[in-house]
Amino acid sequence: MPALPLHEAGKYVAGAYIVFLALILIYVAIMAARLGRLQRDIVELSELVDRADLGNDER
Amino acid sequence: MHGKALRPGLKPLALATVLTLGGAYVLAFFYAPNDADQGFVQKIFYLHVPLAICALGGFIAGGVMAIGYLRTGEQRWDLRSYVAIHLSLIFAVATLITGSIWARASWGHWWVWQEPTLVSFLIIFLLYACYQPMRFAIEDPERQARYAAVFAVVAGAFVPLNFLAVRLANPLVHPRLLGSTGSLPPSMELTFVIAMVGMALLWVTLWKYEITAKQTSMQLRALKRRLAERAEMTLPAPAPRRSSAPRPTPAARPAEPVEL
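If you read the protein sequences in the order shown, they are chains W and P.
Position 49 of the first sequence, counted from 1, bears residue number 49 in my numbering, the numbering being contiguous throughout.
Add 1000 to a position in the second sequence, counting from 1, and you land on the number used in my numbering.
Watch out, some of these pointers could steer you wrong.
Claimed, not checked - Stretch by stretch, here's where chain P covers chain W in the computed footprint (C-beta under 8 Å, at least three residues):
id : segment
1  : 13–20
2  : 30–42
3  : 45–57
What the hints assert, rightly or not - Each computed SDA-like pair below joins lysine to any residue, with the alpha-carbon atoms no more than 25 Å apart:
id : chain 1 : residue 1 : chain 2 : residue 2
4  : P       : Lys1011   : W       : Ala32
5  : W       : Lys11     : P       : Tyr1147
6  : P       : Lys1214   : W       : Leu45
7  : P       : Lys1214   : P       : Gln1144
8  : P       : Lys1208   : P       : His1086
Hint data in this document are derived by calculation from the structure and do not stem from the laboratory.
Predicted model only: the values in this text are computed from it and were never measured.
The beta carbon of each residue, even a glycine, is placed where N, CA and C say it ideally should be.
With the hints as extra help, turn the sequences into a complete structure.
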C-alpha cells in the first residue's frame, strides 16, 4: 500500500497518540479519585481519634 | 497528608517520566525523519512498539514478583505482582488500539488474523484478561494470593515462549523489530531508544503510584479496624441477649478480605 498523504496520515497518528493520552489520563483520574477517598478516610479517622482522646480526658 | 513519607521518590520519577517521554515525542515529530516507505504514519512506531515491549516486560515482571510471593509468602510481593499485571494489561489495551490504528493506515485493515504477531499478542492479552476475574472469584485472601501467583508465574513463562514462537514463524505483514534496530537510521534509533526509556519510566511511575495508594488504603483500613476494636473494648458490656445464637467475638470475627 502506498504511503498516505500527510493530511490523511495525520488523522491516524493523532488518533493513536490521543488514545494513549486518554488511557493514561483516565487511569490517573481513577487513581486521583481513590486518593481523594483516602484523604476523606484520613480526616474521618483523625476525628475518631480526637473523639476517643476527648472521651479519655473526660473519664 | 504524609505525602513525603508515603511516596518516596515518586515525584522525581514522575518528573523524569514527563521529561523523557515528552522529549521523545518532540524528537519523533521534529527530529526523526519521515519513513521512506510509510511516510508520516510511521510516527506511531515510537508509541506502539515501546507500549508493546513494556506490556510484555511488565507481564514477565509480574511473574517474577509472584515467584517472590511463593518463596517468601510476603503479602507485598503479591501486591507488586498484582499491580504489575494490572498496569501491563492497560498498556496491552493501548498497544492493541494503537496497533490497530497503524494497521488501518498502513495495510488498509484494522486487524489481520493471518499475522502471527498480532494474534499471539491478542492471545497473551486474553490470557491476562482472565487474571482478575480468576483472582476475585476466590474469597479466601491467602488462597487468592497463592493461586494468582501460580497463574502469574505460568503466564509469565508463556510470554517469552510465545515471543520465540512468533520469531520462528513466517511474518505476513508485521515487521520484526527486535534485533533489527540496526537497520534504522541513527536519528530514528535515538528517538526510539528515548521513547523506550520514557515508556519504561512511565510504567515504573504508575506502578509505584498504584502500589503506594493500595498500601496506604490497606494501612488505613487496618487502623480503622483497630480503632473500632479499641472503642468496643472501652464501651460497657451490653446486656445479655435473649437469643442463644453465638455472636462473633473480636478474635473469631472473620478477617476482612483484602481488596487489592
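Cross-check of the supplied hints:
1. 13–20: holds (count 6)
2. 30–42: holds (count 7)
3. 45–57: holds (count 5)
4. Lys1011/P / Ala32/W: The given pair, whose Cα atoms are some 15 Å apart, holds under the 25 Å limit.
5. Lys11/W / Tyr1147/P: Violated - the C-alpha atoms of Tyr1147/P and Lys11/W are around 44 Å apart, more than 25 Å.
6. Lys1214/P / Leu45/W: 17 Å, holds
7. Lys1214/P / Gln1144/P: With a Cα-Cα distance of about 17 Å, the restraint between Lys1214/P and Gln1144/P holds, given a limit of 25 Å.
8. Lys1208/P / His1086/P: 12 Å, holds
The structure does not agree with numbered hint 5 stated previously, though it agrees with all others.
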